[in-house]
Amino acid sequence: MTETAPAQGFFTEDMTISVGPQHPSTHGVLRFVVKTDGEVISEAIPDVGYLHRSIEKIGEKVTYHGYVPYTDRADYLAAMFANQAFCMAAEKLAGTEVSRRGEFCRVIACELNRIASHLISVGTFGQDIGAMTPFVHALRERETINNLMEEICGARLTYNYIRIGGVGYDILPDTCARIIEFLDHFEPIVDEFNRLLSGNKIFIQRLAGVAVISKEDALSYNLVGPNLRGSGAKWDIRRDIPYSVYPELDFEVPVGTAQVGVLGDSYDRFWVRVREMQESVKILRQCLAMMPKGPAISKVPKKFRPPAGECYARVEAPRGDMGFYVVSDGSEYPYRVRIRTGSFTAMSIIDKLSKGIMVADLIALIGSLDVDAPEIDR
Amino acid sequence: MNAQELYASLEKLFPGKVSNFKGEAMEPCLNVDSGSIVEICRFLRNAPGYRFEVLSDLTALDWPKEEKIQIVYHLYSYSQRHQIVLKADLPRDHPTIATVEEIWKVANWFEREVYDLFGVIFEGHSDLRRIMLPEDWVGFPLRKDYVEQEEYDGISTQRAPLVEKLLR
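Protein sequences, first through last, are from chains A and B. The first sequence begins at 1 in our numbering and counts up by one. The second sequence begins at 1 in our numbering and counts up by one.
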């Protein structure tokens, strides 16, 4: 029996791989410099900025009304929320009243947008993990929402619907009926989706206990939205710093419950999103029933000049607390517009979480955080 | 705790370090001495009754007329449900302030962004690199007196107005 001597001159060294900027799992243009020891990641450094369009700088050069379409481009999957956050900031600065029907139109448009955004999120998440079919199902439903959006405001992605003082166009009764029709159709679809994907054994095994974020880390890294709630913190801007007509509406705030693994794992974040879609359906039904008659937009001067001052408006976007910090110097143009987005802070935690996980789990981690590249770079 | 009480207690604990309280603003704000930012932030983060667990936003404002760059910290406490805005004034020609990365991890990226776009140096920061722009970019775009370089890496950043182009 011969003993095999260790081969001379052989050694293992860390491999450095560039994931992205064009990679199916990055959901847009962003890049990771991944150092791996075989399948185990020792470090994944995010490299962002590929989609930096200096939306904040543009804000200093256009009027308040003119800036609304630019806010659409911050997050193309949830443009409505950026519209709303900016308009809320401008309205707070100038003390503009929003018409009541306008508020309801805003909430309806936003919640439809939230469902559409979450559908993309949970759909592509399944696709990242290797489940192709649910993605197609999710996109089919999103298509209907896009059609409804087109009916409401004429655009399918970048809406420019919410304006200072209200909304651009009223939601007509015919459209309301079609929204209800969609909701009736969509509710059973969520259950179907759960049977297809959420309860799937392979899917669960890929996610349970993977990339666990503790509540302390979630707060320290300022994770927001479903990522924060997935870690068990019950915090939703709609409920806790109420705006618009949300205080009058009855809805639950889903939080992570360690459904299949550990509290704060990738599955919890996914599961929060699925349940949020159901809550959005509830909100939509209430809004459609409660919508009062009246103008969709209140009277706002064409030359919009808020007095000097500053304000910070928050909305609960699909990717969490979206903040617009607007400073006015009393002129027609904002002095400074700052956009604080959920994806930016979610990205910053990846470096910490990626240490010691497998390459395949990195994909699950990125998908579960639902980061959206244009929103990171702005 | 409301903002007024919060300011009064900070004035007592850090005499001379906090000033210029604006309680009537939409988000009450106060000025903090830039040298004691870490000390005050650590207190606000950890002291019972204050507990600002979250740094919602960290950004900067450029005021060329007053020759200053202002760093703005938006703090929020989920447990106590109160908020406060801290502002630290830095000289415009050499803006330097200590990092709060140790207190809120998210400050790492926020500060990188402010460094990238405003040119503020955060002392003690673990990884102060540009985040949005390429490393060899010249200037800090969000400063008010920023002039875009004419070309970057051989690519022109200027574009002839469309009308002129069509008439040619």
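The hints are simulated quantities; they were obtained by calculation from the structure and are not laboratory data. Treat the hints with care, as some may be off.
[Claimed, not checked] With a straight-line Cα cutoff of 25 Å, these simulated PhoX-like cross-link-like pairs (lysine-lysine) come out:
id, chain 1, residue 1, chain 2, residue 2
1, A, K215, A, K57
2, B, K65, A, K61
3, B, K65, A, K57
4, A, K57, B, K87
5, A, K57, B, K68
6, A, K352, B, K65
7, B, K68, A, K61
8, A, K61, B, K144
9, A, K303, B, K144
10, A, K92, B, K22
11, A, K215, B, K105
12, A, K61, B, K105
13, A, K35, B, K165
For each hint, the structure was consulted:
no.	hint	verdict
1	A:K215 with A:K57	violated, 34 Å
2	B:K65 with A:K61	holds, 18 Å
3	B:K65 with A:K57	holds, 19 Å
4	A:K57 with B:K87	holds, 21 Å
5	A:K57 with B:K68	holds, 19 Å
6	A:K352 with B:K65	violated, 41 Å
7	B:K68 with A:K61	holds, 21 Å
8	A:K61 with B:K144	holds, 11 Å
9	A:K303 with B:K144	holds, 23 Å
10	A:K92 with B:K22	holds, 17 Å
11	A:K215 with B:K105	holds, 13 Å
12	A:K61 with B:K105	violated, 33 Å
13	A:K35 with B:K165	violated, 48 Å
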